[in-house]
Amino acid sequence: MLIRRPDDIPSSEITPESLYQNRRQFMGTAGALALGTVLSPAALEAMARTGGAQEDKVTPEEDATSYNNFYEFGTDKEEPKVLSRGFVSTPWTVQVEGLVKKPRPYSYDELVGKIAVQDRTYRMRCVEAWSMVIPWRGVQLRDVINRVEPLPSAKFVEFTTLFDPKRMPGQRSAVLPWPYKEALRMDEAMHPLALLATGMYGKSTLPPQNGAPLRLVTPWKYGFKGVKSIVKIRFTDRMPNTTWNDANPSEYGFYANVNPTVDHPRWSQAKERRIGEFLKRNTLMFNGYADQVASLYSGMDLRRNY
Amino acid sequence: MAPDQSKIEHLVRRVIRPAMWALVILPAPMLVAQLLLDQLGADPIDKLERLTGHWALRFLIASLAVTPLMRLTGWGWLVAQRRFLGLAAFFWAIGHLSVYTVLDWFFDWQEITKDILKHLYITVGMTAFVLMVPLALTSTKASIKRLGGVRWNRLHSLVYVSVIAGCLHFFWAVKKDVTEPLIYAGIAMVLLAFRVVWQPPARR
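Those protein sequences? They're chains C and H, same order as listed. Here our numbering is used: position 27 in the first sequence is 13, and no number is missing along the way. Here our numbering is used: position 188 in the second sequence is 428, and no number is missing along the way.
So here's chain H without its partners, still in its complex pose:
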């Protein structure tokens, strides 16, 4: 068992981790390059807003896939990747929010406030983001210790609300063709349903 374990650790450190970093970070320079090369179409701000949102939601949903995968395979090393993906989602959400406040509205706080309060899909999107803040802040090992596993877990179940809000936000943002938001929502629902169907055996 011991050599096996170190082999996995080696694999995680040398291959999986770098691959994950690449996956999380690469879309950013790609978007910047597309922007600079004028490949984002006639309304690049709108495009950038959508794409950053897509990446935030993708990583958020990916983080949701870790627990089921871990239970199915028994791979304990996945737990660190869950945090990694969650943080990646958070950073892309910050990117999405930055595009919205800076590029889309150019700090027009009056319009932004009105938009958040008046338009439900923005309200819901903002909710998805705000719920991620405490999760990102308590993503460290020290926080788990300080809060205790049970409380930490309870706090982090907020991610479920955040995912649902994120999917709803995407769904409402679309004028008519909801195929894409439905695909995201479908995957998220399957991953959430897994948690309901497959309860972990009580360990207390």
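In isolation and in its complexed conformation, chain C is listed as follows:
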């Protein structure tokens, strides 16, 4: 698998230096522990491999494609893979509307074709306190936005998931106000880390349960911001409503930035379990992408703007 990384994503992004240092420290601790306890070398090795070491190993594809929050295909994590079987995402049309030069429907190819496809391995942190490391393939969101030419008055961009209860059986019950909507402030959307994923794990298409054919990936935000199976992109000058924020505003904010210091009202966000690992690891500010994105939020009270 070829992983091309654009120049503006430093290689240190995958394993930040601080974590690398932590790892050495952990190995020291583990060594001391080995002398003083009856833990088997295998157990220690397992510990070193998992929580303590804080390495970012790519999550097995099987896990990333069978453990999905995609309520359009059921609220259990195993359901989307099963219930989206047979979901056809070609042809696909995306309606572009609002404060944009030529609001009109775009075919998938018109929208993302001819834009350089990139491979980006990102950490993904779910608001439920689990995480993965996923090799996405896709196009920079800003390239798509530039292509459709929004007006200077556009301050936000809103994305809408397909609403089609015939094809998305989860939409037959009203667990969430359908269709699913998410939005970004324009500067967030133009940030080089923001990706419109069109594939993963070296493949050029997304599995339906991961949001085929087109989904948003904003790695510094909780996973629910990553709106899937996008059929509409709307530019607006007012902050749009977003689905989880509408459903439960005290628990899910508009920004949804990963923030270990701001607890979800029902659980802590300080730690997370990387899927496939045993020990929990510390959650990093902005999911470890603080160097790149913190400036977007300077001067904001992140306790209020969670």
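Please note: incorrect hints may appear among the correct ones.
[Stated by the list, open to error] If the Cβ cut is set under 10 Å, some of the chain C residues that face chain H in the computed set are:
hint: 1; residue: K43
hint: 2; residue: T45
hint: 3; residue: N55
hint: 4; residue: Y57
hint: 5; residue: T61
hint: 6; residue: E114
hint: 7; residue: L162
hint: 8; residue: W230
hint: 9; residue: E237
hint: 10; residue: D249
hint: 11; residue: H250
hint: 12; residue: R252
hint: 13; residue: S254
hint: 14; residue: K257
hint: 15; residue: F264
hint: 16; residue: L265
[Claimed, not checked] Lysine to any residue pairs mimicking SDA-like chemistry, simulated, CA-CA at most 25 Å apart:
hint: 17; chain 1: H; residue 1: K416; chain 2: C; residue 2: R153
hint: 18; chain 1: H; residue 1: K287; chain 2: C; residue 2: V161
hint: 19; chain 1: C; residue 1: K43; chain 2: H; residue 2: P284
hint: 20; chain 1: C; residue 1: K257; chain 2: H; residue 2: L357
hint: 21; chain 1: C; residue 1: K257; chain 2: H; residue 2: L360
hint: 22; chain 1: C; residue 1: K67; chain 2: H; residue 2: K416
hint: 23; chain 1: H; residue 1: K287; chain 2: C; residue 2: P46
hint: 24; chain 1: H; residue 1: K354; chain 2: C; residue 2: W78
hint: 25; chain 1: C; residue 1: K152; chain 2: C; residue 2: W78
hint: 26; chain 1: C; residue 1: K67; chain 2: C; residue 2: M172
hint: 27; chain 1: C; residue 1: K257; chain 2: H; residue 2: V364
These are computed hints drawn from the structure, not numbers from a lab. Note that beta-carbon positions come from the ideal geometry of N, C-alpha and C, so glycine has one too.
Based on these hints, arrange chain H on the given structure of chain C.
Just chain H, lined up with the frame of chain C:
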């Protein structure tokens, strides 16, 4: 009447009791097998935590069903099964708590304490468990004698609080789709309401 009674006892001893034991114990090896065969999905700890909690709540609610059933049918032998189901619920609750402290948090007492004090749904779940402890400890015949029926009964009405707390805990643990917790809570409410509606005739 006498032969009938012994027939029932025989049935209870030979069929009902073993069936109950199987019902209580079988889910455990099933879960372990699923864990070993990697059939609990990508986040087995989370799954195990949920499933042990479900079994604890199921048995707790089942124990609540015994009294109404006994009053409706007049089957006195059911009373021993009530204790059995209550203890089963307690043991599954211990399992649930063990998964939480060992697998989920790996003895991270600082985080666990914070979690219990800060997050209401954990507080409530812990309450449900703590209330079960004195009930389990006084589940023996000797305890009933020592406490006296009236006091024992009063103590064991704590189970109602425990069930409500358990249902609330489940309800709050869910992010959005509350269908399942509502089913559990609904059954529990019906069983609790029965006690209010159908008061046993005073026997003093």
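Satisfaction of the D249 (chain C) interface hint, Cβ to chain H closer than 10 Å: For D249 (chain C), the interface hint holds, since the closest Cβ of chain H sits about 7 Å away, which is under 10 Å.
Given pair status - P284 (chain H), K43 (chain C), alpha carbons within 25 Å: holds, 18 Å
Status of the Y57 (chain C) interface restraint (C-beta, 10 Å, chain H): Holds: closest Cβ of chain H sits about 7 Å from Y57 (chain C), inside 10 Å.
Satisfaction of hint between L360 (chain H) and K257 (chain C), Cα-Cα up to 25 Å: holds, 18 Å
K257 (chain C) paired with V364 (chain H) [C-alpha distance capped at 25 Å]: holds, 22 Å
Pair hint outcome, K67 (chain C) versus M172 (chain C) [Cα-Cα no greater than 25 Å]: violated, 32 Å
Chain H contact restraint on T61 (chain C) - CB to CB distance below 10 Å: holds, 4 Å
Pair hint outcome, K152 (chain C) versus W78 (chain C) [Cα-Cα no greater than 25 Å]: Roughly 16 Å between the alpha carbons, so the hint for K152 (chain C) and W78 (chain C) holds.
Cut-off 10 Å, beta-carbon criterion: hint that S254 (chain C) touches chain H: holds, 6 Å
Given hint H250 (chain C) near chain H, where the shortest CB pair must fall under 10 Å: holds, 9 Å
Pair hint K416 (chain H) and R153 (chain C), alpha-carbon separation not exceeding 25 Å: holds, 22 Å
Restraint outcome when K43 (chain C) is required to lie within 10 Å of chain H by C-beta distance: Hint violated; K43 (chain C) Cβ to chain H Cβ min 14 Å, cut 10 Å.
Of the numbered hints given earlier, the model fails hints 1, 24, 26; all others are met.
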